[in-house]
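Produce the complete structure using the sequences and hints provided.
Each chain is listed here by its residues.
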Amino acid sequence: MGSNHAKDPFTGTRSLIDKDHPLYKEYFRKGTVAVIGGGSFGTTLANLVAENCSDVRMWVREEEQARNINATRTTKYIPGIPLNPKVHAYSGPERIFEGGVTAVIWALPAKVCREQAKALAKNFRGDEIVLHSTKGIEDGTLKTPCMILREELPCARVGVISGPNLADEISKGQPAATVVASKFDEVIRAGQILLTSKTFRIYGSNDVVGVEWAGTLKNIFAIAAGTLDALNLGWNSRSMLMTRGLAEMVRFGAAMGGDVSTFLGLAGVGDLFATCSSNLSRNYRVGIKLAQGQKVEQIVAELGSTAEGVRTARIVAQFAKKKGISMPITDGVVAMLDGSASAQDALRELMTRPPMFEEGIPD
Amino acid sequence: MQPSDFHEFGKSHPIIRFEKVPTGDGAILRLDQVRQRIQADVVRQTLISLQGQSPDNLLGEALYSERARLRREKPTIFTRGRYNRDRAIWSEIQAGLLKPVALVDRNQLVRKVLKHYVEEITGRFSQRVYNFTTNAIPFGMNYLLNAATVNHLVPWKLNQSLQSRLQILGEIPHLQRLSQKGTVLMVPTHQSNIDSILIGYIIYLMQLPPFAYGAGLNLFSNPVLSFFMGNLGAYTVDRKKNNAIYKETLKNYSTRMLREGIHSIFFPGGGRSRSGAIETKVKLGLLGTGLEAMRLNLKENVEKPNIYVVPLVMSYHFVLEASSLIEDYLLEAGKGRYLLHGDPSNQFSKVLNFFWQVFSANNGITVRVGKPMDIFGNFVDEDGRSIGPNGTTIDPKRWLMTRGEFHADPQRDHEYTRELGSKIVERFHRENTAMTSHLVAFAFFETLRSNYPDADLFKFLRISLAQRSIPYDNFLRSAEIYHQKLMKLADQGKIFVSDWLMTTDTKKWVEDGIKNLGIFHGNAVLRVNDGEIYTEDMNLLYYYRNRLAGYGLESR
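Going down the list, the protein sequences come from chains R and X.
Numbered according to the numbering used here, the first sequence spans residues 154 to 516.
Numbered according to the numbering used here, the second sequence spans residues 952 to 1507.
To be clear, the hints were calculated from the coordinates, so they are not data collected in a lab.
Misleading hints may appear alongside valid ones.
The following label-pair restraints were derived from C-beta to C-beta distances [stated by the list, open to error]:
no., chain 1, residue 1, chain 2, residue 2, range
1, X, GLU1370, R, THR227, 41 to 49 Å
2, R, SER207, X, VAL1055, 50 to 58 Å
3, X, TYR1403, R, LEU417, 41 to 49 Å
4, R, PRO328, X, GLU1370, 33 to 41 Å
5, X, ASN1341, R, GLU502, 24 to 32 Å
6, R, GLY446, X, TYR1403, 58 to 66 Å
7, R, THR227, X, ASN1341, 31 to 39 Å
8, R, ARG501, X, ILE1338, 50 to 58 Å
With a straight-line cut-off of 20 Å between C-alpha atoms, the simulated SDA-like cross-links for lysine to any residue are [to be verified]:
no., chain 1, residue 1, chain 2, residue 2
9, R, LYS296, X, GLU1370
10, X, LYS1348, R, GLY253
11, R, LYS183, X, ARG1354
12, X, LYS1063, X, ALA1053
13, R, LYS296, X, ASN1341
14, X, LYS1348, R, GLU304
15, X, LYS1198, X, VAL994
Part of the chain X face toward chain R, derived, beta carbon under 10 Å [said to hold, decoys possible]:
no., residue
16, LEU1351
17, THR1353
18, GLY1355
A virtual CB, placed ideally from N, CA and C, is assigned to each residue, including glycine.
Structure (structure tokens):
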């Protein structure tokens, strides 16, 4: 059985185009897509998908919120951007799945991932393509969203969307690219058909674990980047942070079973650059406010939407310590979040570590 | 044989204590009537699956590897007929390939090769032979089970002795029910050539209809075995033929048998475990035919489309071929530091001897029928429904749907089969029954090893006889620790332990273990003398120790 696509002998890249492709396209173009979660990225994805299918149903928790979205055709998460006419919001899961959907875009925060999957499981038939954009992991088990969805939903074909994708920019139609990763090429194909637009490119990958962890880990360093920028320490320090942060990401990601090369791609370094450089990123904003001496509870409350990095940093630092994986920047971020160190303290601690070799990337 | 006869027999057998579930007669009873049709279908299907590949290349590759194989092979008086037929067909193919395409149709040549292979692979099923053996085997088995233990010959102890020889545990009624609801694909661990015979007997004891199974072609070189196996639903698998045409034919044959509703057995590890450890990797080629059969069943809307995968884990105190297997393993792992001897399991007298010996040892064999799964590795309930990890009901039909239909998608199906493979490996480890001999071997090996922290495995395996002993009291203390760790694993559901290990009396289980460990090998695997415990055969010790590898018991 041919498991992999043919590699182009000249460029070394893999192509997903096969003779089945037109039929796939037609199937998804005619189908209905459910988007679970009406946050900023959920809405952005709903708008993107609407271009490539016949109907998009967006699930939100509150009935009133749904009515609001349908009436105003906008949402508070991405102000000023109108919803595609094909997108409709509902709060009842039965209505979302009525008549069957071809694909489900799962855009919920990590901490409610399992709970909602359990609640919605009975609505799934089993042949839906499930793509999630959740960046974060489960506390305690360290399970990634794909693992959680496989456990809770009656579906096998799940995948992840992750990359340098700041919701506001994509909504404005500025060019961007992302990675869709799944063990099943079918899922990658579906993601490409549903999400591709003139300004949005999809790259495929089979390294699900690597892509999920890359998207999760980079949030920690976005917090650190925000802090560093608030202290106004210049480009060298920013570059130092991102490079050494990447080293921590690779070390941890490889320990969890990801491919090193994934971390050098869009979902790894790509996402890290975007999140650490843009003040649009929520985690970055958390970092800035931490440097200003605000308490983390207050910051999160003011932000109004989830900053996954806060949760992730603590979980990762704890696990890394147990497994003996060196993550000094992560430890610094956790110290700031816990209030046990100020931004200056954390930085001093990092700069005065004993000198060492720059490690190579582990195999 | 009528189902009621199974029933009667089961009642008289104290080894089997389970709820009686009617299992009916299997589709294999029809095999002889549908044989011709199956063969024709396999040829046709294989031609389709080979489409798109150049026949010249396919034939060229097959011709090359078959010629090489025939040069290496030395035919015996029993295999000469087959050998000559092989030579004849390949000479014909060679001659055909030398002529221009206009004169000789390449597709005709491929068809010829396919027919030849299908004829070789196909098993038959003879009701007469089956009746004869099912009557003879229990008689023989009973004879062996009883006669081998003189002290248990007294009638009132008979039942007890039978139970202690061969234990069949696990999900037996579940398996019986599923055999009525769909087609069963049994996947056993594989340690010994005895496995095939033993499984046949176990299936009979469980009152299931006979299963089809692939047996190595070398086993068919014995005319007596060949006659019985050939008429009991065995088909031949020749691992020496590694060309694409043969592999595709074999896969299609297996798919076709499953589609006929014939319960089948695959040894997913490929061959016997060389190291003695439970399989950590499985071969996906043949396993994938289960999925393909189910997909085609669904596509053609047959009545009972489901294929159920049932793991079976067999645990022995003693494996007849242990020495040659472990040497084979070390040869591979140690890059040519070991010499290989003959394989005793191919000698018929040795096989009989094995049964005699196994049944005369206490607690000879434990067999556990694992939790049944669907073709994706999800557990199935009593009604054959697939259940997800957290209790969601899964519709397996939907998992094979793409664009709303049952299309083939090789990449998807390969991934499903890979998932099933790793699930089987996990179940093998969890359904394994640790026996006293395994734990004694493990504890002794690890304790001794900790005395030589600097030696690598190969150096360690060659330490001198004088270096291979530990004071017995020290060993008992160490064994107790390993026992505690094992019991903890058992509590967590990661392994089963035999009744003999359900004790806190370390001395008692250790003695039982030492007594039974590889009891009929020439060298004593473990021996206690003058307050010292030592081994005469490091390789065998390593072999039996490996049965508990992969559970994280090593770290102290």
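To see whether the hints hold, each was checked on the structure:
{"no.": "1", "hint": "X:GLU1370 - R:THR227: 41 to 49 Å", "in the structure": "holds (42 Å)"}
{"no.": "2", "hint": "R:SER207 - X:VAL1055: 50 to 58 Å", "in the structure": "holds (55 Å)"}
{"no.": "3", "hint": "X:TYR1403 - R:LEU417: 41 to 49 Å", "in the structure": "holds (43 Å)"}
{"no.": "4", "hint": "R:PRO328 - X:GLU1370: 33 to 41 Å", "in the structure": "holds (37 Å)"}
{"no.": "5", "hint": "X:ASN1341 - R:GLU502: 24 to 32 Å", "in the structure": "violated (42 Å)"}
{"no.": "6", "hint": "R:GLY446 - X:TYR1403: 58 to 66 Å", "in the structure": "holds (59 Å)"}
{"no.": "7", "hint": "R:THR227 - X:ASN1341: 31 to 39 Å", "in the structure": "holds (37 Å)"}
{"no.": "8", "hint": "R:ARG501 - X:ILE1338: 50 to 58 Å", "in the structure": "holds (55 Å)"}
{"no.": "9", "hint": "R:LYS296 - X:GLU1370", "in the structure": "holds (18 Å)"}
{"no.": "10", "hint": "X:LYS1348 - R:GLY253", "in the structure": "holds (15 Å)"}
{"no.": "11", "hint": "R:LYS183 - X:ARG1354", "in the structure": "holds (11 Å)"}
{"no.": "12", "hint": "X:LYS1063 - X:ALA1053", "in the structure": "holds (18 Å)"}
{"no.": "13", "hint": "R:LYS296 - X:ASN1341", "in the structure": "holds (14 Å)"}
{"no.": "14", "hint": "X:LYS1348 - R:GLU304", "in the structure": "holds (18 Å)"}
{"no.": "15", "hint": "X:LYS1198 - X:VAL994", "in the structure": "holds (13 Å)"}
{"no.": "16", "hint": "LEU1351", "in the structure": "holds (8 Å)"}
{"no.": "17", "hint": "THR1353", "in the structure": "holds (6 Å)"}
{"no.": "18", "hint": "GLY1355", "in the structure": "holds (7 Å)"}
Violated hints amount to a single one, hint 5; each of the other numbered hints is respected by the structure.
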